[in-house]
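As they're listed, the protein sequences go chains A and B. Per the working numbering, residue 1 is the first one in the first sequence, and the count goes up by one each step. Per the working numbering, residue 1 is the first one in the second sequence, and the count goes up by one each step.
Accuracy of the hints is not assured; some may be wrong.
[What the hints assert, rightly or not] Here are some chain B residues the structure puts well away from chain A; computed CB gaps all over 12 Å: (1) 13; (2) 15; (3) 259.
[Unchecked claim] Examples of chain A residues lying across from chain B (beta carbon under 7 Å, computed): (4) 80; (5) 214; (6) 217.
[Claimed, not checked] Just some of the chain A residues that point at chain B, by a computed CB distance under 7 Å: (7) 52; (8) 57; (9) 58; (10) 84; (11) 87; (12) 90; (13) 96; (14) 98; (15) 100; (16) 109; (17) 110; (18) 112; (19) 117; (20) 119; (21) 222.
Honestly, the hints are just simulated from the structure, not real lab data. Please read all numbers here as calculations on a predicted model, not as lab measurements. A virtual CB, placed ideally from N, CA and C, is assigned to each residue, including glycine.
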Amino acid sequence: MTALLEVRNLVKTFGTGEAETRVLRGLDLTLQVGDLAALLGPSGSGKSTLLTILGTLMQPTSGSHTMLNVDLAAANDAALTTFRNLHIGFVFQFHNLLPDFTALENVVFPTAVREGRETPAARARGHDLLVRMGLADRVDFPSTNLSGGQKQRVAVARALMNRPELVLADEPTGNLDRASALQVMELIGEINRDEGTTFLISTHDEKIAAFCRRQIVVGDGVVTG
Amino acid sequence: MLYALKIATRYLTASKAQTALLVLGVATGVFIFIFMSALIGGLAEYILSNTVGDIEHVSIQAEDADPALLIPSDGVLYALQKSTLRAATLRNTENFWPLIAALPGVKAVSPQVNGSGFVTRGAQALQISIQGVEPGLESAIINLDGYLVEGTARLAAGSVMLGRTLADDLDLRLGQTVRMTSTTGIATVLTLTGIYYIGSGGPDRATAYVSLGTARTLFAIPQGVNRIEIKLDDINTADAMALRIAGLTGLDAKSWTEQGAQLVDALTAQARVGYVLKTFALITIVIGVASALLLSTYRRRPEIGIMRAMGAGRWFVVVVFVMQGALIGLLGGLFGAGTGYIALLAFPSLDELKPGGMPIDIRQGAYGMAILLTVCGAVLASILPARGAARMDPVAAIGK
C-alpha cells in the first residue's frame, strides 16, 4: 500500500486566551491510496475540523500535513486552491450545488474554473459521470429541480470531475432517505473499486460505515481507533 | 475570464427583477447625466450665440498714438492734443486680410471703419455708432441678413441700414433720406435701404451700418481701416487665435474674452455646476451598484464558499463580481443613454428655440462619456463587495 495522505501531531485551536478551544489535539492519520474509510465519532470530536483541514480549506495550528508528498501545512492560499482543485473532491451533507446552474454545469465546474471555460472535453466527461450516476435524463435540468437523492449524486459526480486522488465526504447521506443513501454509497463503492479513488466519509450512521473497508474513530481530537 | 463572465451573466439573469431594477436605477442616473450635459451645454451654446455669437471673436483696433512733442528753437515744448477729428488708422494692413482669412479656424475677416456721429432728420438729432463695413461682408460678424425686417442688407455707396427702434425714432421709412454727421464734422446724406431688428437695445436704437467707402468719407480716412473684426469657427479658440494673429501680423489682436471676462466667468461657473450635478449622478450610480452587489455577495455566501471549495481562487471570485458590476454599468449606461437620446429628441433644437423654451442641445448629451464613466463607476463600485466575497472563509460561507 502507498500512503496518499499523512498527518502527524495535528493541532487545531480556535479562539485565543480563555476562549481558546483545542479541537484537534495532536492527531495522527495516514490514508492509503484506494482506501474507502469511514470517519466515525461523536459530535464535537473534531471530525468536521479534520475533514476541513484535509480538504485544504483550513490550515492547522500546528503539525504536519502532506498529501502526494506535498507539504500542505506550509502552502499559501493560492497553492492550496490549485491543489484542492486538482487532487481533492468534496461531497457535502446538503449537496451544495450551485442553484442557478444545471446538473451538467455543476459537474463541470471544477474543470471549467481551472481552464477558464467549459471545454467540449469537460462537458463530455461531465455527461459521462452523470450517466454513470443514473442521471442521463437530468443532464440539463436546473439543479433546483432535482430531488434530494439526485442532487447528491450530482454532487458525487462533481467531486469526481477532475479525477481527484481523494474525495472527502461529510455526512453525504445524512440528508437522504434510506434508498437514496444506499444508492449513493453503492456508487461511491463502485468508483472506489473501479478507479481506485480514495474516499474518507464522515458519518454517524453505522450502516453507512459498514460499507467502508476501514473505520477511523475520532474522539476528543485524536484518532482512538 | 470567459467562464467568470458566464457565471456573472447567470447570476444577473437568475434574479431578473432585481437586475432589472438595478439597471433601471443606473439608467436613471445616466439619463440625468445626459440630460444635464445637454442642458448645460445647450444653455452655454444659447448664451454664447445670443451674446458672443453676434460679436467679433478677435479684433484689431487702431489706437491713438501718444501726442507728439514739438520742440521749436525757442526752447518751449508744445504738445499736440488728442483729437476726435483725426481717427486712428491701421495702415497697410490690406495684405494681412487674406493671410488671416486663410488661417484654419477663421470663418470671416471684416475690415471696418467705425466711429461715432449723429443722424439728423428734421428737428431730431440722435447720437449713433457708425459701422462702416465692406459691401458683401455685411453679415460676416453680426448676421444682419438674419435680423433684416425690411429692405436689403446689401450696403452700397450712399445707403444706410438702421435698427428698427432708431428708424422709428426718426420716423424714417425705406427709401427716405437721413443726414449723418461724424465726429470729424463731415456730413453726408444717406438713403435708408434696410431695417433690422436684433432685439437688443443698443444696436437697434443707436447703430447705423454704412458701406466702408461711405465711412471712409465720413471719418476722412482715404486709405486703410481703423478696425479689423475676425469671426472664428470655434469661439473657444479665440485666445489662441488672437496670439497667433498677433504673432503673424505684429498687430495688437485681442480676444473677445479680454472684454467678456464676466461672461467667461459665468459660463465657467455654469459648467462647474454641471460637473457637480453630473458627479452627484455618478455617485448615485456607484452607491446603487455597490449596495446591490454587497447584498448579492451576502446572499450568495454559500455559493462563494462552494466555488472556493471546488478550486476557484480568490481572483476568480473577484472577477465574477466585478464583471457583474461592469455588466450592470454597461446595460444601465446603454439603456440610460438610449432613453436619454430619445427623450432629448422631443426638445426643439437651439435654432428652433422659442423665447422661454429650454435650451437643450441634443448633440451635447455626452453619451459615450456617460456610458464609459458609468461602466468605470460600476466596476469601481463592485471592487469592494468583490474583494469582500473573495476574502470569505469558504468553511464559514458554506456553513459547515
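Going down the list of hints, with the structure as the test:
Chain A draws residue 13/B into its interface by the beta-carbon criterion, the shortest separation being 8 Å against a cut-off of 12 Å. For residue 15/B, the condition that its CB be more than 12 Å from all CB atoms of chain A is violated, with the nearest at approximately 9 Å. Consistency note on residue 259/B: stated as away from chain A, and its beta-carbon is indeed over 12 Å from all of that chain's, at 63 Å minimum. Proximity of residue 80/A to chain B is violated relative to the hint, the smallest CB-CB distance being about 10 Å (cut-off 7 Å).
Interface restraint check: residue 214/A against chain B, minimum CB-CB distance 23 Å, threshold 7 Å, status violated. The criterion of a C-beta within 7 Å of any C-beta in chain B is not met by residue 217/A, whose closest approach is roughly 21 Å, and the hint is violated. The criterion of a C-beta within 7 Å of any C-beta in chain B is met by residue 52/A, whose closest approach is roughly 5 Å, and the hint holds. Look at residue 57/A: its Cβ gets to within about 5 Å of chain B, closer than 7 Å, so that hint holds up.
Residue-level restraint check for residue 58/A holds (minimum Cβ-Cβ distance to chain B is 6 Å; threshold 7 Å). Contact between residue 84/A and chain B, as hinted, is supported at the beta carbon level, the nearest pair being about 5 Å apart and thus within 7 Å. Checking residue 87/A against chain B: minimum C-beta separation of about 10 Å lies over 7 Å; hint violated. For residue 90/A, the shortest C-beta to C-beta distance to chain B is roughly 5 Å, which falls under 7 Å, so the interface hint holds.
Given hint, residue 96/A at the interface with chain B, holds; its Cβ is 5 Å from that chain's nearest Cβ, closer than 7 Å. Taking 7 Å as the C-beta contact cut-off toward chain B, the hint placing residue 98/A at the interface holds, the least distance being around 6 Å. The beta carbon of residue 100/A is positioned within 7 Å of a beta carbon in chain B (closest approach about 4 Å), and the interface hint is therefore held. With its C-beta approaching chain B no nearer than about 5 Å, residue 109/A sits inside the 7 Å limit, and its interface hint holds.
Contact between residue 110/A and chain B, as hinted, is supported at the beta carbon level, the nearest pair being about 5 Å apart and thus within 7 Å. Evaluation of the residue 112/A hint against chain B yields a held restraint, the C-beta minimum of about 5 Å falling below 7 Å. Interface hint at residue 117/A: satisfied, since its Cβ lies 5 Å from the closest Cβ of chain B, which is below the 7 Å cut-off. Given the 7 Å rule on beta carbons, the hint for residue 119/A is violated: about 10 Å separates it from the nearest Cβ of chain B.
Among the interface hints, the one on residue 222/A is violated; its C-beta lies about 21 Å from the nearest C-beta in chain B, farther than the 7 Å criterion.
The structure is inconsistent with the numbered hints 1, 2, 4, 5, 6, 11, 20, 21, although it conforms to all the rest.
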